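**Student:** So the chains spell out like this:
Number of protein chains: 2
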Amino acid sequence: MLRQQTPGHCLVYSMTSKPLNIYLDYAAATPLDKTVAAAMEPYLTHHFYNPSATYDAARQVQKYLNIARSHVAHWLGSRPSEVVFTAGGTEANNLAIHGIMRQFPKSNMLISSIEHESVRVPASRYDAREVNVQPDGRLDLNDLRQKIDDKTVLISIMYANNEIGTVQPIREVAKIIKEVRKLRGLSGLPLYFHSDACQAANYLDLHADRLGVDLLSLNGGKIYGPKQTGVLYVKAGIKLLPLIDGGGQERGLRSGTENVAGIIGLATALTLVQTDRREEGERLRKLQQQFLASLTEALPTAIVNGSIKYRLPNNLHFTLPGTDNERLLIQLDEAGIQAAAGSACSASDQTPSHVLRAIGLSDTDAQSSLRLTMGRHTTLAQLEQVILSLQKLTAKS
Amino acid sequence: MLRQQTPGHCLVYSMTSKPLNIYLDYAAATPLDKTVAAAMEPYLTHHFYNPSATYDAARQVQKYLNIARSHVAHWLGSRPSEVVFTAGGTEANNLAIHGIMRQFPKSNMLISSIEHESVRVPASRYDAREVNVQPDGRLDLNDLRQKIDDKTVLISIMYANNEIGTVQPIREVAKIIKEVRKLRGLSGLPLYFHSDACQAANYLDLHADRLGVDLLSLNGGKIYGPKQTGVLYVKAGIKLLPLIDGGGQERGLRSGTENVAGIIGLATALTLVQTDRREEGERLRKLQQQFLASLTEALPTAIVNGSIKYRLPNNLHFTLPGTDNERLLIQLDEAGIQAAAGSACSASDQTPSHVLRAIGLSDTDAQSSLRLTMGRHTTLAQLEQVILSLQKLTAKS
Numbered sequence: 001m002l003r004q005q006t007p008g009h010c011l012v013y014s015m016t017s018k019p020l021n022i023y024l025d026y027a028a029a030t031p032l033d034k035t036v037a038a039a040m041e042p043y044l045t046h047h048f049y050n051p052s053a054t055y056d057a058a059r060q061v062q063k064y065l066n067i068a069r070s071h072v073a074h075w076l077g078s079r080p081s082e083v084v085f086t087a088g089g090t091e092a093n094n095l096a097i098h099g100i101m102r103q104f105p106k107s108n109m110l111i112s113s114i115e116h117e118s119v120r121v122p123a124s125r126y127d128a129r130e131v132n133v134q135p136d137g138r139l140d141l142n143d144l145r146q147k148i149d150d151k152t153v154l155i156s157i158m159y160a161n162n163e164i165g166t167v168q169p170i171r172e173v174a175k176i177i178k179e180v181r182k183l184r185g186l187s188g189l190p191l192y193f194h195s196d197a198c199q200a201a202n203y204l205d206l207h208a209d210r211l212g213v214d215l216l217s218l219n220g221g222k223i224y225g226p227k228q229t230g231v232l233y234v235k236a237g238i239k240l241l242p243l244i245d246g247g248g249q250e251r252g253l254r255s256g257t258e259n260v261a262g263i264i265g266l267a268t269a270l271t272l273v274q275t276d277r278r279e280e281g282e283r284l285r286k287l288q289q290q291f292l293a294s295l296t297e298a299l300p301t302a303i304v305n306g307s308i309k310y311r312l313p314n315n316l317h318f319t320l321p322g323t324d325n326e327r328l329l330i331q332l333d334e335a336g337i338q339a340a341a342g343s344a345c346s347a348s349d350q351t352p353s354h355v356l357r358a359i360g361l362s363d364t365d366a367q368s369s370l371r372l373t374m375g376r377h378t379t380l381a382q383l384e385q386v387i388l389s390l391q392k393l394t395a396k397s
Numbered sequence: 001m002l003r004q005q006t007p008g009h010c011l012v013y014s015m016t017s018k019p020l021n022i023y024l025d026y027a028a029a030t031p032l033d034k035t036v037a038a039a040m041e042p043y044l045t046h047h048f049y050n051p052s053a054t055y056d057a058a059r060q061v062q063k064y065l066n067i068a069r070s071h072v073a074h075w076l077g078s079r080p081s082e083v084v085f086t087a088g089g090t091e092a093n094n095l096a097i098h099g100i101m102r103q104f105p106k107s108n109m110l111i112s113s114i115e116h117e118s119v120r121v122p123a124s125r126y127d128a129r130e131v132n133v134q135p136d137g138r139l140d141l142n143d144l145r146q147k148i149d150d151k152t153v154l155i156s157i158m159y160a161n162n163e164i165g166t167v168q169p170i171r172e173v174a175k176i177i178k179e180v181r182k183l184r185g186l187s188g189l190p191l192y193f194h195s196d197a198c199q200a201a202n203y204l205d206l207h208a209d210r211l212g213v214d215l216l217s218l219n220g221g222k223i224y225g226p227k228q229t230g231v232l233y234v235k236a237g238i239k240l241l242p243l244i245d246g247g248g249q250e251r252g253l254r255s256g257t258e259n260v261a262g263i264i265g266l267a268t269a270l271t272l273v274q275t276d277r278r279e280e281g282e283r284l285r286k287l288q289q290q291f292l293a294s295l296t297e298a299l300p301t302a303i304v305n306g307s308i309k310y311r312l313p314n315n316l317h318f319t320l321p322g323t324d325n326e327r328l329l330i331q332l333d334e335a336g337i338q339a340a341a342g343s344a345c346s347a348s349d350q351t352p353s354h355v356l357r358a359i360g361l362s363d364t365d366a367q368s369s370l371r372l373t374m375g376r377h378t379t380l381a382q383l384e385q386v387i388l389s390l391q392k393l394t395a396k397s
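Those protein sequences? They're chains P and D, same order as listed.
Residue numbers for the first sequence, in my numbering: 1 to 397.
Residue numbers for the second sequence, in my numbering: 1 to 397.
Treat the hints as calculated values from the structure; they're not laboratory data.
Among the hints, a few may not be true.
Once the Cα atoms are required to be at most 25 Å apart in a straight line, the calculated SDA-like pairs of lysine to any residue come out as [as the list claims (entries may be wrong)]:
1) D/Lys63 to P/Ser124
2) P/Lys34 to D/Pro31
3) P/Lys63 to D/Glu117
4) D/Lys106 to P/Ser124
5) P/Lys239 to D/Asp33
6) P/Lys63 to D/Arg327
7) P/Lys63 to D/Asp33
To give an idea of the interface, some chain D residues facing chain P are shown, with a C-beta separation under 7 Å as derived from the structure [as the list claims (entries may be wrong)]:
8) Gln60
9) Asp150
10) Gly185
11) Thr257
12) Asp365
Nothing here was measured: the structure is a model prediction, and the numbers come from that model.
Cβ coordinates follow ideal geometry from the N, Cα and C atoms, glycine included.
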């Protein structure tokens, strides 16, 4: 029996269906995982209690919070008490930087020249010096060594870059820092190592001791968890000054009634991505290789930016000389492809990306560059469609 | 036909049902409104895009954010650009205080002696002086006048107290501030008025100009909205320094990818409570009167704390001389009644409430006091049950 299709049916269908969407901006935002949403739901409804209240139902909420904290700690290889929940990755980066730097007024700090704005801007409030990266986006370790002086108390180097996906030699940075600490001895200033791991958490090891970090930032909104949830790992014994004071939640480091559902969601999301990170990383690595091979075949003038070897498996960043990325993004959007030119934060202003400048791109080349970031729902068929669209659009222009 | 009830059915029923819960801690946390949850849902799922991205789907999210902003502005009688979304009420209070005070290093600020910790603690980083309250919890306006000096740049007086529910004479404070500004003229320091309206938003007018405030804090988690969402109203022309820097969201005052679902939820929740505030306020006012009448009849030694006249309609705060509130709260919880001794934030530490001290209670009386805060699901039958329980429990002890 055939189901009758009335015109009304068709109309409804065409209204609710969207044009084919190929989402390639996972570095800007990830869709909420369904398991995460299901884990959050009871804490938005039944378990709405304030975890600091004293009755049993509230104590249970506190217990679930602590379970979430221990899950996050598991992936960091840390103690639960070293996990501070924040309202987002930006807040975590700010807490790390201000939390240390406000204690040492005459000190300085080092950041890489390609950090995210949430590190660059708070760092700019202090004597912050930039460590160069090489043309492939990797940190220049010699430049790092030379720029550390007696007054350096904080080094903040991102784990993986949000624009070009370059993975930094975190363990090597940690080694250098360890050497400096030894030389300084007990009489010198402390030297702390912070890493912004917001883009790395989907694919890389987060074990704090293996990495050698003292402070590490995570962002729920980049790992298929809820937006404006985050974590700052704070190694035991490190004193931080809080940004937000009050009721003393999160061991005094982040006051305010806890975002219970958000924390449960973040912990669930982290567990899911860290459990699958190798498998999903390999899947995307293959897609990445296939895309880049097809791209350079279809568009021989295309230049891939940033290290191929030391790169997040979901990142595709390239220059199409002679094109205008603003125009191209609009045309791609019309073709159902959602992509970016750089970080979403700086999408609205017109200044060329500091990351692309740091790796030596001219402003013209920067304005001819695209960032496609893949994720769970990205398929080879989608990428083939993107290549076709790029071919068509650049042939036209 | 009768539906057969197997033992299994009964078992399941008894497992999923809870003992009768009478929740009387709405000042600590409110359950999420179902309409709010429904409004948030699409922004947790379909509309997950980063509002700063450039493709159409992301611009739509940005558009919905702006609609939410205009809804909040409506209730504040403000322009949308005067609404800053924060991650909670505590953050909003911190942003107001640090945002102003960091600009004026040699100035001072005034707070009432009964402010919430999220005002008290950030204020304590500066030269902050306390203005007394009268024994009924209302601000002593003469003391306020006397304590304002040439170096006072910020006055932070809560709209309604979180423990005893006292509503402060905000409009009168605003008048005094206006007079001081006139006297200072253009050559003097500015003088700003901040009010923490987190507990007031369910029942009172929030129109900023009518109140005469420059800065006003709201908390989503106290108005049947999501936790760790908040608003700081910032009157046009007032310069604030941000707490959290980075991508420049919220006009540079709160960086980090916006909590889109949270903001939509907060705006929806605010609209719901402000639309119903008079009706719901009257309903609770009646319950409040009935409870307090029954209480003093059933337990003649009971003393009600704080002004009866200038009081949030949902607040019941009283001393039962000779009782121990810690023990009583446990017993009430066992009887299915969830209540508090003070603010949830300070529930865990053992120091007597600064609010109760400020209105002249002895530490012994403070430790014999209970806070019951009513809300949407509170009924007369529940309150009668509470009176019966209190009678039984205090007779025993």
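**Student:** If a hint holds in the structure, say so; if it does not, say that too.
**Tutor:** Against the structure, the hints come out as follows:
With a C-alpha separation of about 31 Å, the suggested pair D/Lys63 and P/Ser124 falls outside the 25 Å cut-off, and the hint is violated. For a cut-off of 25 Å, the pair hint linking P/Lys34 to D/Pro31 stands: about 22 Å separates their Cα positions. Restraint check: the Cα-Cα separation between P/Lys63 and D/Glu117 comes to about 24 Å, which is no more than 25 Å; the hinted pair holds. For the hint linking D/Lys106 to P/Ser124, the alpha-carbon distance of about 24 Å falls within 25 Å, and the restraint holds.
Only pairs whose Cα atoms come within 25 Å are accepted, and P/Lys239 paired with D/Asp33 is rejected, the gap being roughly 39 Å. A C-alpha spacing of about 21 Å is found between P/Lys63 and D/Arg327, which places the hinted pair at or below 25 Å, so the restraint holds. For the hint linking P/Lys63 to D/Asp33, the alpha-carbon distance of about 24 Å falls within 25 Å, and the restraint holds. With a cut of 7 Å, the hint placing D/Gln60 at the interface with chain P is violated, because the nearest CB-to-CB distance is about 11 Å.
At its closest, the beta carbon of D/Asp150 sits 27 Å from a beta carbon of chain P; the interface hint therefore is violated under the 7 Å criterion. Interface restraint check for D/Gly185: the shortest CB-CB distance to chain P comes to about 33 Å, outside 7 Å, so the restraint is violated. Restraint check, D/Thr257 versus chain P: the minimum CB separation of about 6 Å is within 7 Å; hint holds. Interface restraint check: D/Asp365 against chain P, minimum CB-CB distance 19 Å, threshold 7 Å, status violated.
Comparing the model with each earlier hint shows violations of hints 1, 5, 8, 9, 10, 12; every other hint is respected.
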